[in-house]
Every structure is written in structure tokens, then in C-alpha cells.
Amino acid sequence: MKAVEVHKLRKEFVRKDGRKRVHVEALRGLTFDMERGECIAVLGQNGSGKSTLVRLLSTLLLPDGGTARVFGYDVVREDKAVRRLVNRVSVEASFFKKMSPAENLHYAARFYGMTLSETSGRIPEILARVGFPPDRRTEPMENLSRGMQQKVALARALLTSPVLLLLDEPTTGLDPRSKLEVQGFIREMRAVHDSTILLCTHDLAEAEALAERVGILDRGRLLALETANELKARFEAETLEEAFFAATGRGFDDEHDELDAEERKVLA
Amino acid sequence: MRAVALELKHELIGLAGVVERNVYLTRRYIYWDLAFFVWTVANTLTIVFIAKGIEASGGNIDVDRATTTLLIGAVVWAYLGIIFEFLTETVAWERWEGTIEYTFMAPLSRAMHLGGSGVFAVLYGLVRAILLFIVVAAFFGLAFDDANFTAALVILIVASVSFFGIGMMTAVLPLISPEKGAQLGFVAQGMLLVVSGVYYPVEVLPEWMQWLAKISPATYALDGIRAAILDGASLGSLWHDIWPLLVIGAACIPLGLLIFGRGEIYAKRHGKLKRSG
Numbered sequence: 000m001k002a003v004e005v006h007k008l009r010k011e012f013v014r015k016d017g018r019k020r021v022h023v024e025a026l027r028g029l030t031f032d033m034e035r036g037e038c039i040a041v042l043g044q045n046g047s048g049k050s051t052l053v054r055l056l057s058t059l060l061l062p063d064g065g066t067a068r069v070f071g072y073d074v075v076r077e078d079k080a081v082r083r084l085v086n087r088v089s090v091e092a093s094f095f096k097k098m099s100p101a102e103n104l105h106y107a108a109r110f111y112g113m114t115l116s117e118t119s120g121r122i123p124e125i126l127a128r129v130g131f132p133p134d135r136r137t138e139p140m141e142n143l144s145r146g147m148q149q150k151v152a153l154a155r156a157l158l159t160s161p162v163l164l165l166l167d168e169p170t171t172g173l174d175p176r177s178k179l180e181v182q183g184f185i186r187e188m189r190a191v192h193d194s195t196i197l198l199c200t201h202d203l204a205e206a207e208a209l210a211e212r213v214g215i216l217d218r219g220r221l222l223a224l225e226t227a228n229e230l231k232a233r234f235e236a237e238t239l240e241e242a243f244f245a246a247t248g249r250g251f252d253d254e255h256d257e258l259d260a261e262e263r264k265v266l267a
Numbered sequence: 000m001r002a003v004a005l006e007l008k009h010e011l012i013g014l015a016g017v018v019e020r021n022v023y024l025t026r027r028y029i030y031w032d033l034a035f036f037v038w039t040v041a042n043t044l045t046i047v048f049i050a051k052g053i054e055a056s057g058g059n060i061d062v063d064r065a066t067t068t069l070l071i072g073a074v075v076w077a078y079l080g081i082i083f084e085f086l087t088e089t090v091a092w093e094r095w096e097g098t099i100e101y102t103f104m105a106p107l108s109r110a111m112h113l114g115g116s117g118v119f120a121v122l123y124g125l126v127r128a129i130l131l132f133i134v135v136a137a138f139f140g141l142a143f144d145d146a147n148f149t150a151a152l153v154i155l156i157v158a159s160v161s162f163f164g165i166g167m168m169t170a171v172l173p174l175i176s177p178e179k180g181a182q183l184g185f186v187a188q189g190m191l192l193v194v195s196g197v198y199y200p201v202e203v204l205p206e207w208m209q210w211l212a213k214i215s216p217a218t219y220a221l222d223g224i225r226a227a228i229l230d231g232a233s234l235g236s237l238w239h240d241i242w243p244l245l246v247i248g249a250a251c252i253p254l255g256l257l258i259f260g261r262g263e264i265y266a267k268r269h270g271k272l273k274r275s276g
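Chains as they are written, first to last, in numbering that gives the first Met the number 0: chain L, 0 to 267; chain X, 0 to 276.
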């Protein structure tokens with residue numbers, strides 16, 4: 000059984016432009032699949048549809064067409080079964096800021112059916128594994144650096160033992176040391192937990208280092224999904240950035256295109 | 000059968016998680032809660048003083064009875080406000096903190112998710128309502144020799160089921176309108192109480208409003224609590240207030256879940272189930 004099967008997946012959003020309603024296509028017939036234990040990285044500019052894909056797979060959006068399955072479960076019709084298997088880490092750590100890391104993890108674990116006796120031992124253990132200092136477990140989240148907060152976000156995801164982990168720019172904005180720590184932890188999750196990982200990122204080196212296959216998502220279309228070496232060979236590129244440029248016709252950090260800017264209003 | 004029991008266990012643990020989270024938050028914001036309690040006391044005093052004012056301006060009333068009648072109205076208003084606030088914040092606060100996506104992608108049914116908010120709101124609201132009643136009653140030196148407080152409490156708890164159901168309907172508003180939805184919860188609270196005789200008998204309302212009063216749970220809650228506290232009515236004699244509350248509650252809970260479910264589908268279709276709406 001495939002870990003993820005996405006077939007002709009479509010999603011569009013409606014935005015108001017004055018009195019007009021404009022339909023913006025966020026995903027245009029996406030098709031791909033993932034094997035169990037595989038890590039794929041999806042590269043794309045802001046507004047390319049990366050977050051929309053993550054939110055569809057985590058049952059937070061309803062598609063306008065096509066299908067998506069997680070370990071055989073349909074994300075629309077069998078959403079609760081999907082939710083048991085999936086967790087995510089996004090660019091924003093997203094916690095109750097006045098509450099401590101331990102409090103945030105405790106209540107979140109209850110949503111996955113974990114009792115107090117299960118979490119009281121497991122939370123300190125997981126926080127220790129992500130390198131979170133024990134003496135700061137009871138401080139409010141708002142006192143912690145972004146790197147620290149992202150470690151708690153990883154701990155939250157690990158706590159529920161997800162078989163599919165969705166990572167939406169998990170290292171964006173982190174300092175180099177924190178970035179390396181998070182990347183090391185992602186490797187560990189695959190090695191120890193056999194998790195399947197979908198990594199959406201801006202970081203080309205990160206994609207190349209962590210993923211078996213790299214996808215290029217541009218304006219809602221998946222232009223390629225191959226190993227980094229195959230991508231470079233196909234586009235006769237020295238680097239992944241050059242391959243991205245060749246595939247999309249634009250640089251990776253080029254965000255000044257008018258259509259992109261309009262799309263980002265809706266998709267960001 | 001075993002799978003169903005395990006599923007139910009997970010759901011109840013999830014419900015406990017929502018209560019647990021609200022306990023943590025209340026602990027962290029305890030001084031703000033105290034400040035809001037002072038505001039609620041001041042607000043209640045301004046209403047209850049009206050009875051004294053009528054007496055001072057020559058009105059011929061039983062001032063203690065009128066004071067208690069107004070106090071009960073103000074306490075039920077405050078209690079309802081807390082229930083609606085907590086349920087509406089189920090979405091609004093999570094959106095503000097940015098946790099909304101993580102909560103809505105967890106394998107917890109919406110009934111238990113909202114139920115956890117409702118259970119905490121009722122427990123927290125009861126504590127606040129009882130404290131408010133005691134403080135203001137002590138301020139006015141009110142005596143309740145014949146009051147049946149047990150019956151009053153039972154009525155309030157039974158009415159809470161309906162309030163919870165209606166609260167779920169208002170909780171959907173921030174899903175549909177992230178900017179203004181939460182405030183619309185206060186509109187629903189006001190509409191409910193204006194037709195329910197919060198500070199006056201329902202009979203003074205225009206006839207069409209009296210029809211609305213018949214389907215408002217607050218009407219029966221206020222009527223029953225006043226009869227229990229002012230006249231010492233027993234639970235048995237309050238059955239005419241209890242059965243409508245049970246019927247309205249039985250209708251409001253599934254209706255509230257249905258409306259919230261529709262709102263959630265709308266939010267998922269239009270991409271509103273996220274931090275920025």
C-alpha cells in the first residue's frame with residue numbers, strides 16, 4: 000500500500016477583486032505518490048501551492064477535484080482515520096503562548112487519546128530527545144526563542160507517533176545551528192519511526208540532503224518529481240537551483256511577478 | 000464492541016484535554032479573570048440598584064424581592080455570557096493563538112471538542128455565577144430564609160444544556176467570519192435574554208416577542224430560579240419549567256452540532272480554517 004496517493008488533485012480559492020469574484024487555482028491536477036518510509040521534498044515559491052497541499056493532506060481543506068489517500072484512507076470520506084496517521088510541523092510553531100511547553104504538549108496529546116499516565120513520562124523524554132532544556136519546560140512559550148519553539152513543535156508531532164509527517168518549511172527563519180538540529184531530528188524520525196515525510200521547503204540544500212525525491216511545484220502544477228541527480232541531469236543543471244530555474248523559467252527567490260503577488264494574497 | 004469502547008475512551012480523553020487546556024489558560028490569566036469579575040460585580044450592582052432607585056423615587060414595591068429578581072436576571076445574564084464566550088472562543092482564541100489547524104486536524108470528534116469547551120464553561124460559569132450572587136447579595140444584605148438553592152442550581156444546570164447547544168451555533172460564526180464572528184455571539188446572547196424576561200416579566204413584551212419567549216430556554220431558567228430562590232419552590236413544583244428545558248436542550252445539541260458541522264465544511268471549502276482566516 001502506498002503511504003500517499005494523490006490523483007488529479009485540484010483546489011481553487013475565490014477572492015474578491017472589487018465587485019468581481021476571481022477564482023485562483025492553487026493546485027491544478029496534482030498527481031504523485033509516496034512509498035512508506037520515503038521522504039520527498041516539494042520546492043516552490045510562495046504561492047506555489049505547497050501549503051495548500053499540506054492542508055489538504057491534513058484534512059483542513061476540501062479539494063475541488065481529484066482524490067488524495069493516506070495509507071489507503073480518503074482524506075475527505077475517511078478524514079478521522081487520516082487524522083490518526085498524520086501530524087505536521089509548520090513554519091509557525093503555533094502554541095498557546097502563555098502556556099508552557101509541557102502544558103501545550105499535555106493537552107495536545109489528549110486529543111490523540113493519550114492519558115495522563117502515558118504523557119507524564121513520555122513528554123520529558125521526548126523534549127529531552129529534541130534537545131529542549133529541562134529547566135525551561137515550565138516557562139511560557141512566549142519566552143522561548145523561535146528555535147526552541149520549533150523543537151517543541153517537533154516534540155508535539157513526535158508525541159503522536161505519526162506515520163505521515165507533513166513538514167511545511169520547518170526550518171524557515173531558524174539560525175544555522177537550530178536548522179541543523181531540526182534536520183538531524185527529521186533524519187532520526189525516519190530512521191527510528193519509519194515515518195513517511197513530505198517536506199515543503201525553500202531550502203534547496205535541505206531538500207537535497209533529506210529527501211530521496213524532489214518535486215518542483217509551480218503555480219499549482221507539479222512540474223517534476225525525481226531524485227535531485229535526475230532533476231539536474233534532466234535540466235542539464237549543475238545545481239538544484241539551476242534545475243528549478245530551468246523547470247519554471249524563474250529564479251527560486253524571484254517573487255516579483257505580478258501574478259504571483261496576486262496569488263500570494265490568497266494562498267499565503 | 001471493544002473497538003467502540005476504545006473509540007469512546009479516546010473521545011472522552013480528548014474531551015478531558017479541552018477541559019485541561021482551559022484550566023491551564025485560566026490559571027495563566029487568573030488576574031485578568033479577577034479584573035473581569037470586578038467589572039461583572041460593578042455591572043450587576045448598577046442593575047440591582049434600580050430597585051432601590053424605584054423605592055427612593057416613591058415607587059411602592061417590595062424592594063428586597065425586586066432587588067433579588069434583578070440580581071437573578073443579572074447573574075443569569077453573566078452566566079450565559081460566560082458559556083457563549085467560551086464556546087465562541089473555541090474557534091476565535093485558537094485562531095488568534097495560531098493553534099486552530101492543529102486542533103482541527105486532531106482525531107477528535109467535533110462533538111467532544113465542543114463538549115470539552117462546554118463542560119469547562121459550565122463549571123467555570125457556575126463558580127463565577129455563585130460568587131457573583133453571594134457578593135452582590137451580601138452587598139445589599141439580602142436574606143434568603145425560604146430559598147431553595149438546590150432547586151435553583153439544578154435548573155441552571157439543566158438550562159446549561161440548551162445554552163451549550165445555542166452556544167455551539169454561535170461558535171460557528173468566527174469560522175465563517177474571522178473578523179467579526181466572535182462579536183456576533185454577543186448579539187445572540189442579547190437577543191436570547193431580551194425575549195426571556197431577564198429584568199421584567201415576559202408578559203410586558205409585545206405578543207410576538209412572547210412567542211419567542213416560549214422557545215427561549217432562558218425564559219424557563221429565569222422563571223424556575225426565581226421561583227426557587229424567592230418562594231422556595233421545590234423541584235417537583237418546578238416541573239413546568241424543567242420539561243421545556245429538557246426538550247429545548249434535546250433539540251439544541253444536535254442542531255448546534257449540525258450547524259457547526261456545516262460551518263466547518265464551509266470553512267474547509269473556502270480555506271478559512273487557518274490562523275489568518
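Think of the hints as simulated: they come from the structure by calculation, not from any bench.
Just so you know, not all the hints are guaranteed correct.
With the C-beta cut set under 8 Å, the calculated list includes, among others, these residues of chain X facing chain L [said to hold, decoys possible]:
1. H9
2. G13
3. Y23
4. R27
5. F35
6. W38
7. N42
8. F103
By construction, the Cβ of each residue, glycine as well, lies at the ideal position given by its N, Cα and C atoms.
Quiz item: Taking the least C-beta to C-beta distance, is G13 of chain X closer than 8 Å to chain L?
Solution: Because about 5 Å separates G13 of chain X from the closest Cβ in chain L, which is inside the 8 Å limit, the hint holds.
Quiz item: Was the hint right that N42 of chain X lines chain L, CB cutoff 8 Å?
Solution: 26 Å, violated
Practice problem: Report holds or violated for the interface hint on F103 of chain X, using the least CB-CB distance to chain L and a cut-off of 8 Å. | Solution: Hint on F103 of chain X: holds, closest Cβ of chain L at ~6 Å, below 8 Å.
Quiz prompt | Restraint check, 8 Å cut-off on beta carbons, for Y23 of chain X near chain L | solution = Result: holds, 5 Å to nearest chain L Cβ.
Quiz prompt | Restraint check, 8 Å cut-off on beta carbons, for W38 of chain X near chain L | solution = 21 Å, violated
Exercise. Could you check if H9 of chain X really has its C-beta closer than 8 Å to a C-beta on chain L?
Key: 3 Å, holds
Quiz item: Can R27 of chain X be said to touch chain L, with a Cβ gap under 8 Å?
Solution: Holds, because the Cβ-Cβ distance from R27 of chain X to chain L comes to roughly 4 Å (cut-off 8 Å).
Self-check item: Hint check: 8 Å Cβ-Cβ cutoff, F35 of chain X to chain L
Solution: Violated, about 16 Å.
Hint violations for this structure: numbers 5, 6 and 7, all remaining hints satisfied.
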